[in-house]
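2 protein chains.
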Amino acid sequence: MKNTPIREYMRQTGKQAREASRVMAKADTALKNRALLAIAAAVRRDAASLLQANEQDLAAARANGLEPALLDRLALTQASIATMAEGLEQIAALPDPVGEITNLKYRPSGIQVGQMRVPLGVIGIIYEARPNVTVDAAGLCIKSGNAAILRGGSEAIHCNRALATRVREGLAAAGLPEAAVQVIETPDRAAVGELITMPEYVDVIVPRGGKGLIERLMRESRVPMIKHLDGICHIYIDDSADTEKALAVAFNAKCQRYGTCNTMETLLVSRRMAPHILPPLAALYRAENVELRCDPIAMQILEGYPCLKAATEEDWQTEYLAPILAIRVVDGLDQAIDHINTWSSQHTDSIITEDYSRALRFLREVDSASVMVNASTRFADGFEYGLGAEIGISNDKLHARGPVGLEGLTSQKYVVLGHGETRK
Amino acid sequence: MKNTPIREYMRQTGKQAREASRVMAKADTALKNRALLAIAAAVRRDAASLLQANEQDLAAARANGLEPALLDRLALTQASIATMAEGLEQIAALPDPVGEITNLKYRPSGIQVGQMRVPLGVIGIIYEARPNVTVDAAGLCIKSGNAAILRGGSEAIHCNRALATRVREGLAAAGLPEAAVQVIETPDRAAVGELITMPEYVDVIVPRGGKGLIERLMRESRVPMIKHLDGICHIYIDDSADTEKALAVAFNAKCQRYGTCNTMETLLVSRRMAPHILPPLAALYRAENVELRCDPIAMQILEGYPCLKAATEEDWQTEYLAPILAIRVVDGLDQAIDHINTWSSQHTDSIITEDYSRALRFLREVDSASVMVNASTRFADGFEYGLGAEIGISNDKLHARGPVGLEGLTSQKYVVLGHGETRK
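Respectively, the protein sequence lines represent chains A and B.
Quick note: the first sequence uses the working numbering, first residue -5, plus one each step.
Quick note: the second sequence uses the working numbering, first residue -5, plus one each step.
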């Protein structure tokens, strides 16, 4: 491969990150917390100049005709800056996962064997124009003893630079290496291509963005990724569902927020339950103008609903991220599990039932990162699960699965405490 | 890509494995154990015909001029067949990891959140001409609720076919799908290329073989791997080492077996300890004709040792797998850790010391899959660690690290037990 300037720059960045990661791996909890609080203080103190930098980005984005939704994500406010700082303070308050030793047991040979939680090393984070990710990701990587290389959307470049300065200041205040968090400041897109193909310097990539970006990274990456492509989440309303719970959960899972990956996209209803539950549920959806895409049986039951369409196979595999819901009537639990294991993106799926055995079967047999009984899929979230913070969500099976917090940025090595033992 | 017959065959195999994996994932512990014991019984019963099949392989291998060491690995005996059957019985006796729920806790929202251990799905195992791997790997995959696709060396084809028949018989006896363990019977090397590039059917690849094989697979695989390339393991004898322990452990780690990945390849000795420990240690190595490759200081101390050579940088990165040992004198702990984190293959490294603080620092700061105090590196092994069995060893940081047993063939999904909760 040709040694372009951008390759040179990224490899230099990677080398510095690797060196910094060695220092971060052995840093005291107190030092890491001091850095986090110092960054929070600097972000609060410099809110005005952060807003100014953000304004430069926004002006350029407007001039380039960026979509309103993207402008919205890009914009900082006094409130969102305060939230960033609070996020760092919350991460400082979380227990330090690094160094924890578990399962230390004596073996017949005399040695004691256990496992110690250790940082992964260097985390590469690739994200779009959301300045808050810069601070959140930096905070999580610092606390988990990793070094980070951050590559945000080029639309947020001024703001990210301004934030990077505060992060470096906080690290320096705690005597930690400034290279522990590096923000890639070149707008050159080739930087991403380099970042995902230097396994000698980067241990894991966390891509946060649309399906298109992540699919492209998946094809090209030579570094393992913690990622999910999409969230095609299901709720199955069983014969034995409690009507009140079914209505509340199925409404909440679709309508509480449309654009999130843990929003329900397909509702499955048992044949016996369908005539009883679908009409009152449709009344709730109607108030929110939810479009329903139904299989023939549901179609018949819901005749007269204002925005009703016939579902095609395409609907079972679509993440709408919009007020649209696919509905299918199934024979029972077996067909529901089969539908989910065929079409779900293995993100989050929930059953509504009062039947003990079916609840247990659903939990065991549905092969998704989060499986639920009588709860809204919207709960699949690091904060709701008690992880304290979230760097992303993984639909993969290796390493972390589901919402990924500090622990997902670590792994476990074996520790052996001996007393001079030798192998026989 | 062209749809060759071998691609067609492998995709068909993958599809069947995926279907079987769904059944295996929900199979009772009792059924899985029944299959394991039935396979063990069939292997014992048919020892004579297994030996016959093996004889066909051996005859062909001799005719092809296979090296004696490889012939040795390929050969089955009455004793090795009994060992295979015992291995299966031991796996049957291990606790079933699948379905275990941990950390189930109430959250402020009212939901209960925990993690359930579940199979990975389909495991592809690529190995050389060792028929015992066929049975061991099949056993581990069955117990952990996975389906397996096994691709052994073509030199063992008759024997592997004969073993596959017994595995299928055992699965059928328990009412489990025969496709849960499929042995690739074509000698076509393209089969491996297909196996490692169908992520839709294979969740993880476990390659077992030489460094060359694994490097090639790493370049081409589109499926995550559980693997290690080599074992460049270190022992560091600290200032405060107990002489007796240092001699026993450093001798055992080098000389107990030469060809294993957890054998010590480089010995580091502190400057103050070197003049005291190296001469008596060399006396032990001399009795075993171990060649010593030394840095200048060690060279001087060991003057007169019969097979003494000057070490080059090449020696710090070589896995000898032979009666050869590299020796370097270091200033102290910092330089030892630095040497290890630079040159070790992150497999297993051990410190010999009676100093409490240095022991703790070594455990925390050495970035290897197994870190030890006062114990022989030879203990880095699934059986010695109490995993009950071992499918391989991982030097990677994501997912499993170190010896990989049943648990490494599983992952954890989140389970949420709700009571009708909705997200606010």
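There could be a bad hint or two in this list.
For chains that are exact copies, the list does not tell them apart, and a pair is met inside one copy or across any two.
As the list claims (entries may be wrong) - In silico DSS-like links for lysine-lysine, alpha-carbon gap of 30 Å or less:
1. Lys20 x Lys239
2. Lys418 x Lys20
3. Lys9 x Lys99
4. Lys20 x Lys9
5. Lys205 x Lys418
6. Lys9 x Lys239
7. Lys418 x Lys239
Since the hints were made in silico from the structure, they are not lab data.
Checked hints:
no., hint, result
1, Lys20 x Lys239, "between (49 Å within a copy, 28 Å between copies)"
2, Lys418 x Lys20, "neither (34 Å within a copy, 40 Å between copies)"
3, Lys9 x Lys99, "neither (38 Å within a copy, 41 Å between copies)"
4, Lys20 x Lys9, "within (18 Å within a copy, 46 Å between copies)"
5, Lys205 x Lys418, "between (54 Å within a copy, 27 Å between copies)"
6, Lys9 x Lys239, "neither (54 Å within a copy, 38 Å between copies)"
7, Lys418 x Lys239, "between (61 Å within a copy, 15 Å between copies)"
The structure shown violates the earlier hints numbered 2, 3, 6.
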